[in-house]
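K.L.:
Take a look at the letters that make up each chain.
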Amino acid sequence: MNYESVLHQARAEGRDLLNEVEAKQLLAQAGVPVVETLLATTADQAKRLAREIGYPVVVKVVSTDISHKSDVGGVKVGLANAEAVGEAYEAILANSRQALPDAVITGVAVQSMAVEGTEIIVGMVRDPQFGPVMMFGLGGIFVELLKDVSFRVLPLTERDAKQMVNDIKGRAILDGLRGQEPVDKAAICQLILTASEFIEQHPEIQELDMNPVFVYADGAVAVDARIVLTRD
Amino acid sequence: MSVHSLDPVFRPRAVAVVGVSSNPNPTGMGSFYASLLEAGFADRGGLYPVNPKVSEINGARCYPTLMDTPDPVDHVISQVPAGFVPELVDQCVAKKVRSIHFFTAGFSETGDQQMAVVERQMIEKLRDAGIRAIGPNCMGLYVPGSKLAFMGGFPMESGNVFLLSQSGANAGEVVRDLTNRGVRFSKVVSYGNGADLRAHDFLDYAAQDQESTVVAAYIEGVQDGRKFFEALQRCARVKPVIMLKGGRTRSGSQAAHSHTGSLAGSIEIFDSVCRQTGALRAETMDELQDLIVAVSTNIRQVSGRGVALFAGGGGGFAVLSADAIDREGLTVPRMPQSAVDEMREYIPVAGSSVNNPIDAFPPSEYLDDMLRLIATAEGMDMVFMSPLIDRSRWQSPNGKDKDSSSDSQSKAEKVTNLIAGQMKHLQDDTGTPVIGVIRGGGMARMMGVDPDDFLEATYRQGIASFPSVSRAARTVNQLLEWREYRQGLPDLS
Numbered sequence: 000m001n002y003e004s005v006l007h008q009a010r011a012e013g014r015d016l017l018n019e020v021e022a023k024q025l026l027a028q029a030g031v032p033v034v035e036t037l038l039a040t041t042a043d044q045a046k047r048l049a050r051e052i053g054y055p056v057v058v059k060v061v062s063t064d065i066s067h068k069s070d071v072g073g074v075k076v077g078l079a080n081a082e083a084v085g086e087a088y089e090a091i092l093a094n095s096r097q098a099l100p101d102a103v104i105t106g107v108a109v110q111s112m113a114v115e116g117t118e119i120i121v122g123m124v125r126d127p128q129f130g131p132v133m134m135f136g137l138g139g140i141f142v143e144l145l146k147d148v149s150f151r152v153l154p155l156t157e158r159d160a161k162q163m164v165n166d167i168k169g170r171a172i173l174d175g176l177r178g179q180e181p182v183d184k185a186a187i188c189q190l191i192l193t194a195s196e197f198i199e200q201h202p203e204i205q206e207l208d209m210n211p212v213f214v215y216a217d218g219a220v221a222v223d224a225r226i227v228l229t230r231d
Numbered sequence: 000m001s002v003h004s005l006d007p008v009f010r011p012r013a014v015a016v017v018g019v020s021s022n023p024n025p026t027g028m029g030s031f032y033a034s035l036l037e038a039g040f041a042d043r044g045g046l047y048p049v050n051p052k053v054s055e056i057n058g059a060r061c062y063p064t065l066m067d068t069p070d071p072v073d074h075v076i077s078q079v080p081a082g083f084v085p086e087l088v089d090q091c092v093a094k095k096v097r098s099i100h101f102f103t104a105g106f107s108e109t110g111d112q113q114m115a116v117v118e119r120q121m122i123e124k125l126r127d128a129g130i131r132a133i134g135p136n137c138m139g140l141y142v143p144g145s146k147l148a149f150m151g152g153f154p155m156e157s158g159n160v161f162l163l164s165q166s167g168a169n170a171g172e173v174v175r176d177l178t179n180r181g182v183r184f185s186k187v188v189s190y191g192n193g194a195d196l197r198a199h200d201f202l203d204y205a206a207q208d209q210e211s212t213v214v215a216a217y218i219e220g221v222q223d224g225r226k227f228f229e230a231l232q233r234c235a236r237v238k239p240v241i242m243l244k245g246g247r248t249r250s251g252s253q254a255a256h257s258h259t260g261s262l263a264g265s266i267e268i269f270d271s272v273c274r275q276t277g278a279l280r281a282e283t284m285d286e287l288q289d290l291i292v293a294v295s296t297n298i299r300q301v302s303g304r305g306v307a308l309f310a311g312g313g314g315g316f317a318v319l320s321a322d323a324i325d326r327e328g329l330t331v332p333r334m335p336q337s338a339v340d341e342m343r344e345y346i347p348v349a350g351s352s353v354n355n356p357i358d359a360f361p362p363s364e365y366l367d368d369m370l371r372l373i374a375t376a377e378g379m380d381m382v383f384m385s386p387l388i389d390r391s392r393w394q395s396p397n398g399k400d401k402d403s404s405s406d407s408q409s410k411a412e413k414v415t416n417l418i419a420g421q422m423k424h425l426q427d428d429t430g431t432p433v434i435g436v437i438r439g440g441g442m443a444r445m446m447g448v449d450p451d452d453f454l455e456a457t458y459r460q461g462i463a464s465f466p467s468v469s470r471a472a473r474t475v476n477q478l479l480e481w482r483e484y485r486q487g488l489p490d491l492s
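Chains as they are written, first to last, in numbering that gives the first Met the number 0: chain A, 0 to 231; chain B, 0 to 492.
Here chain A stands alone, though its shape is the one from the complex (with noise of 0.2 Å):
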């Protein structure tokens, strides 16, 4: 699945939105480290992709019309064995279908559970006047309440991706608070730099948004991730 057959596709299909799984393959072409997630379209795929992925996997569904996955019963995670991945992936779709029936239902993603870190986001806005601009804050509670992120004008330097994680107001959480191992910010700024790369090669890209990534003492990994297409 390359960029372009993606692009189009979804242009077939008049959507302006990538689905998760389409946007976390592109991301994983452009160098940006993703959690590996897979589409599946039966309950026989989906237990040989969680094998081939390894155990414990996590099951969502994929549907550009469905935007708060949880809420409709549509994720399932620390899924062991083959028997819990057959379950979860008819119980997703029969939840799913029930909350919202109308929606369109690609099938559900496979994903590889990812052993949780300090949760951080990374994304790209449009500003109307200076373009496009990425962004970057601690995930969850900081960036919903407190609105701590930072910006910075595409392209992107070196310079300027380690100036957007130290802006932060929150940056001594990133320093290992409280005995806690500082993270690997340097993991951050490449993640920050390949993702701008990618955006600037592709400027029919209108927003992106990986949240949550997952970042360690040693390396960082976008666990969900978000394309929002310029319309046509």
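Careful: at least some of the hints might be erroneous.
What the hints assert, rightly or not - The calculated DSS-like cross-link candidates involving lysine-lysine, where the alpha carbons are at most 30 Å apart (straight line), are:
#1 K161(A) to K146(B)
#2 K168(A) to K184(A)
#3 K46(A) to K68(A)
#4 K161(A) to K184(A)
#5 K161(A) to K238(B)
#6 K146(A) to K184(A)
#7 K168(A) to K238(B)
#8 K238(B) to K423(B)
#9 K146(A) to K226(B)
#10 K238(B) to K226(B)
#11 K146(B) to K124(B)
#12 K124(B) to K94(B)
Hints in this document: simulated from the structure, not taken from any laboratory.
All values derive from a computational prediction rather than experimental measurement.
With chain A fixed as given, assemble chain B onto it according to the hints.
P.N.:
Chain B alone, transformed into the frame defined by chain A:
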């Protein structure tokens, strides 16, 4: 050196003021002819008033139309009502002028779609003829080197500051306030709606203008964001650029929209752009002015956050000043014991403090030694100094003035210059930046010092001075933060 394409705009050979008022009063907005006369432009080149209803102004011939003026006319100032602008534009094309400044308002800033179209059409016509436009809805140019001024009372001495402003009144206020502090300008542009020439054009010009070593801007809305970003990036690489953005709040944005038709945009992103490009960011007119003073003096070289506070004025003032310094992100470190011991030899008086803050009046003959001791003590990155510390130089012990001259103004000047000289001497001698602080008028005047004179006299000596301790501390802290986020860009200190 190559000549920038905007250079002729700043150096017209002759200027016509079209729609001139018959009353040549150089005060207030819109008195361009009178301001140019006062600035002495007529000594430099042709200055032609144009108004069909007026035959002469103060004995000078007034021309009925632009077409009747002698050739060449390089620059036209339009004071005609918006309805007459299309005709004037045609005349400018026929007359082959190089630039036109529209004081005339009533175009896109009104929100009227039709006037926005008229504005666009006239700019297209001018562009096709190679004529650049400033405005509409603005005050235009103040260029002392070319004897151009848009208000009366501006100094005709050139300086180092390039000021760019979407508001003419704000530009005038910065010029007047900073003139009082000793600052002089290379070029000032008020560009209003920016229908043709915009912030990025002027930033590009300022970046290469050798006369301008400091660039300051008041902006309400960013036009051509990408070009603005890139021009700011280029300019801020090579010289200090200070940005004051109007419309930071919801109410301010609404005001900006009706003022210059600007969309104020996201302030978070604008602030990020300043950090990214290495520009200094001011939030108020006071900050803009303080930062201009700061980067034009050698406090650009302040190396740390430790302040030796030697401001006089009593123990309570010392405490509040220390609070203010701390609050603004600097520190008042304790004097090293060795320095305290040494100072005690000069000041045996009880009730004075030689710790930091230093609240003591040493005998005059020891003052220089003591100042040197303070400025070179460990941990002191700068000295905050007020003119109030040195009263013994001009007052005898009984409190009577030593100088009995009745001319109090010349006495104040003498005192002020003496102190400014002393501060410069201390700074040169020790290499530690010395920063002047002067408290509100009453206290200073009691000591025979005029605050405005002090600000100006010290600036002329290369010393940055501020009207309060907290403004001084805030400015230094902004400079230090600026230097930190400029890491990776060329060093400008």
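K.L.:
Does each hint hold? Answer for all of them.
P.N.:
Evaluation of the provided hints:
1. Only pairs whose Cα atoms come within 30 Å are accepted, and K161(A) paired with K146(B) is rejected, the gap being roughly 47 Å.
2. A hinted pair counts as satisfied when its Cα atoms are at most 30 Å apart, and K168(A) with K184(A) qualifies at roughly 15 Å.
3. For the given pair, K46(A) sits about 21 Å from K68(A) by alpha-carbon distance, which is consistent with the 30 Å threshold.
4. A distance of roughly 8 Å separates the Cα atoms of K161(A) and K184(A); the hinted pair therefore holds under the 30 Å criterion.
5. Only pairs whose Cα atoms come within 30 Å are accepted, and K161(A) paired with K238(B) is accepted, the gap being roughly 23 Å.
6. For the proposed pair K146(A) and K184(A), the alpha carbon gap of about 20 Å is at most 30 Å, so the pair holds.
7. Using a Cα cut-off of 30 Å, the hinted pair K168(A) and K238(B) holds, with the two alpha carbons roughly 29 Å apart.
8. Among the hinted pairs, K238(B) with K423(B) is consistent with the structure: their alpha-carbon atoms are about 24 Å apart, no more than 30 Å.
9. With a CA separation close to 28 Å, the supplied pair K146(A) and K226(B) stays within the 30 Å bound.
10. Among the hinted pairs, K238(B) with K226(B) is consistent with the structure: their alpha-carbon atoms are about 18 Å apart, no more than 30 Å.
11. Taken as a hint, the K146(B) and K124(B) pair is honoured in the structure, with Cα atoms around 29 Å apart against an allowance of 30 Å.
12. Taking the CA atoms of K124(B) and K94(B), the gap is near 14 Å; set against the 30 Å cutoff, the hint holds.
This entry does not satisfy hint 1, going by the numbered hints stated previously; all others are met.
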